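Engineer: The chain contents come next:
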Amino acid sequence: MTHICNKMNRRAFGGGALAIVLARPALALNADDATAFIKRLIGDIYSVIDSGAPEAAMIRQFEELFVRYADVQIMAQYALGVDARSATAEQKSAFNTAFAGYIAKKYGKRFRQFIGGRIEVEGARKIKAGFEIKTTAYLKGENPIEVIFLVSDKSGELQFFNMFLEGVNLLLTERSEIGSMLDMSGGDLNATIHELNKAG
Amino acid sequence: MSLGNIKRSSPRALIVIALIAGLAGCSGAGRVQPTGINDPHEQSNRKVHNFNKKLAGSGNGSGLAHAVPMGVQTVVHNIAENLSMPQVAVNSALQADVKGFGIASYRFLTNTVLGVGGIADVASEFQIPKHDTDFGETLYVWGVGEGSYYELPFVGPSTGRDVAGRFVDLFTNPLSYTLPRPEKYVGTVTKFADSVFKNSRRSDAINDVLEGSTDSYSQARLIYLQKRRYELSRRTGAPVTYDDPYLQ
Numbered sequence: 007m008t009h010i011c012n013k014m015n016r017r018a019f020g021g022g023a024l025a026i027v028l029a030r031p032a033l034a035l036n037a038d039d040a041t042a043f044i045k046r047l048i049g050d051i052y053s054v055i056d057s058g059a060p061e062a063a064m065i066r067q068f069e070e071l072f073v074r075y076a077d078v079q080i081m082a083q084y085a086l087g088v089d090a091r092s093a094t095a096e097q098k099s100a101f102n103t104a105f106a107g108y109i110a111k112k113y114g115k116r117f118r119q120f121i122g123g124r125i126e127v128e129g130a131r132k133i134k135a136g137f138e139i140k141t142t143a144y145l146k147g148e149n150p151i152e153v154i155f156l157v158s159d160k161s162g163e164l165q166f167f168n169m170f171l172e173g174v175n176l177l178l179t180e181r182s183e184i185g186s187m188l189d190m191s192g193g194d195l196n197a198t199i200h201e202l203n204k205a206g
Numbered sequence: 003m004s005l006g007n008i009k010r011s012s013p014r015a016l017i018v019i020a021l022i023a024g025l026a027g028c029s030g031a032g033r034v035q036p037t038g039i040n041d042p043h044e045q046s047n048r049k050v051h052n053f054n055k056k057l058a059g060s061g062n063g064s065g066l067a068h069a070v071p072m073g074v075q076t077v078v079h080n081i082a083e084n085l086s087m088p089q090v091a092v093n094s095a096l097q098a099d100v101k102g103f104g105i106a107s108y109r110f111l112t113n114t115v116l117g118v119g120g121i122a123d124v125a126s127e128f129q130i131p132k133h134d135t136d137f138g139e140t141l142y143v144w145g146v147g148e149g150s151y152y153e154l155p156f157v158g159p160s161t162g163r164d165v166a167g168r169f170v171d172l173f174t175n176p177l178s179y180t181l182p183r184p185e186k187y188v189g190t191v192t193k194f195a196d197s198v199f200k201n202s203r204r205s206d207a208i209n210d211v212l213e214g215s216t217d218s219y220s221q222a223r224l225i226y227l228q229k230r231r232y233e234l235s236r237r238t239g240a241p242v243t244y245d246d247p248y249l250q
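Line order of the protein sequences matches chains W and Z.
7 is the number of the first residue of the first sequence in our numbering; add one for each residue after it.
3 is the number of the first residue of the second sequence in our numbering; add one for each residue after it.
It is possible that some hints are incorrect.
Claimed, not checked - Derived list of chain W stretches under chain Z, where covered just means 3 residues or more per stretch with a C-beta under 8 Å from a C-beta of chain Z: (1) 73 to 85; (2) 91 to 104; (3) 175 to 181; (4) 185 to 195.
The hints are simulated quantities; they were obtained by calculation from the structure and are not laboratory data.
None of the values given here were measured: they were computed from a predicted structure.
Even glycine gets a Cβ: it sits at the ideal position worked out from N, Cα and C.
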């Protein structure tokens with residue numbers, strides 16, 4: 007309980023209603039919560055796609071969803087790899103923001119493939135950090151694709167921290183891409199952040 | 003099918019068996035799940051990668067998929083897939099995959115007879131699941147190691163094991179030993195056309211990712227290896243263990 011209170015203090019949440027929500031008895035993450043969480047995420051993604059908004063507006067909304075549903079901090083830190091250790095707090099925060107925008111742009115641009123398709127949740131499996139949620143994406147004119155979300159509450163709230171598309175690990179793939187950017191700039195993190203803001 | 007029969011039916015089978023024995027001999031037994039990247043030929047692979055990239059960027063990439071009507075592409079795909087089923091059955095048998103052997107045989111019979119030589123995929127309408135495999139997978143099942151990474155001209159990323167698999171698959175389609183001369187090439191030709199169409203359809207999405215990449219060679223390599231390892235391991239059913247970024 008003290009652990010939770012610390013978390014809340016650190017995050018400086020004021021609202022009493024929010025405190026009640028966070029302090030409700032069922033704090034341990036279970037398979038149903040994790041599954042419901044991913045179902046909500048899929049529903050929100052599809053309401054953006056179905057809105058038919060212009061691409062730029064959609065990508066902004068995808069970025070908002072990503073920031074809300076994903077543990078951006080842990081994902082960005084993993085993608086940055088060992089260079090995260092020598093980064094200043096300011097650089098880290100700039101990198102996190104650039105990373106979220108980059109992911110939203112890169113993957114959000116592919117939304118057209120999902121029009122008229124659907125994503126079905128197949129099941130949940132306990133893993134060390136939380137739960138693996140297995141889903142299948144049925145896209146028009148394509149074979150079904152297996153999409154796996156890894157979900158955890160280790161940050162203090164329920165969030166996803168990695169995705170696998172047909173076995174391709176998003177974090178690992180982006181860590182390699184960002185590693186290439188760092189190599190290209192001779193290890194200059196600020197240049198890489200700048201590059202990330204342009205890429206995607 | 004005993005080894006004696008293969009030997010009598012074709013001298014080429016001898017080469018195949020020698021090749022397999024050689025490969026199996028130099029690899030550790032048991033299915034190894036590789037994780038890293040083994041790319042000692044990176045320099046020459048990068049040259050091939052640049053060649054493939056130029057080819058994809060020359061405009062004949064996604065153009066073809068748009069030019070040929072989807073109906074034609076589907077028929078070509080159905081015929082190619084149906085004619086590959088005897089080979090899938092052989093590879094399933096070599097993998098001791100009874101279910102896969104059954105699916106491939108049943109699909110071939112159904113689609114050849116009711117689907118008029120495989121033009122229509124009747125089996126899918128009967129809810130018969132799809133099954134695909136190759137000699138590369140057979141080698142994996144037999145415990146042959148992945149080998150080093152290769153990027154092949156035209157074909158794209160591959161591994162040592164899959165290069166050997168592709169080579170063997172050229173000779174192990176039962177149809178090429180049973181059909182008369184012009185007919186036996188239908189499978190090869192449609193298979194090639196089908197893979198060209200498929201590449202062409204896919205090239206939009208993949209080019210998007212790779213073109214935007216700082217190092218498209220490393221991205222193509224990493225994505226291919228992850229995907230292929232996933233394909234091969236999912237049938238063995240072993241649950242995946244994940245990296246926990248919260249512990250790092």
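Engineer: Now tell me, hint by hint, if it's right for this structure.
Structural biologist: Here is how each hint holds up against the structure:
1. Counting residues of the stretch 73 to 85 of chain W whose CB lies closer than 8 Å to any CB of chain Z gives 4, so the stated coverage by that chain holds, three being the minimum.
2. Evaluation of the coverage hint for the stretch 91 to 104 of chain W: breached, as 0 residues show C-beta separations to chain Z shorter than 8 Å, against a requirement of three.
3. Residue count for the stretch 175 to 181 of chain W with a Cβ under 8 Å from a Cβ of chain Z: 4. That meets the three needed, and the coverage hint holds.
4. Counting residues of the stretch 185 to 195 of chain W whose beta carbon lies closer than 8 Å to any beta carbon of chain Z gives 4, which reaches the threshold of three, so the coverage claim holds.
Checked against the numbered hints given earlier, the structure breaks only hint 2 and satisfies all the rest.
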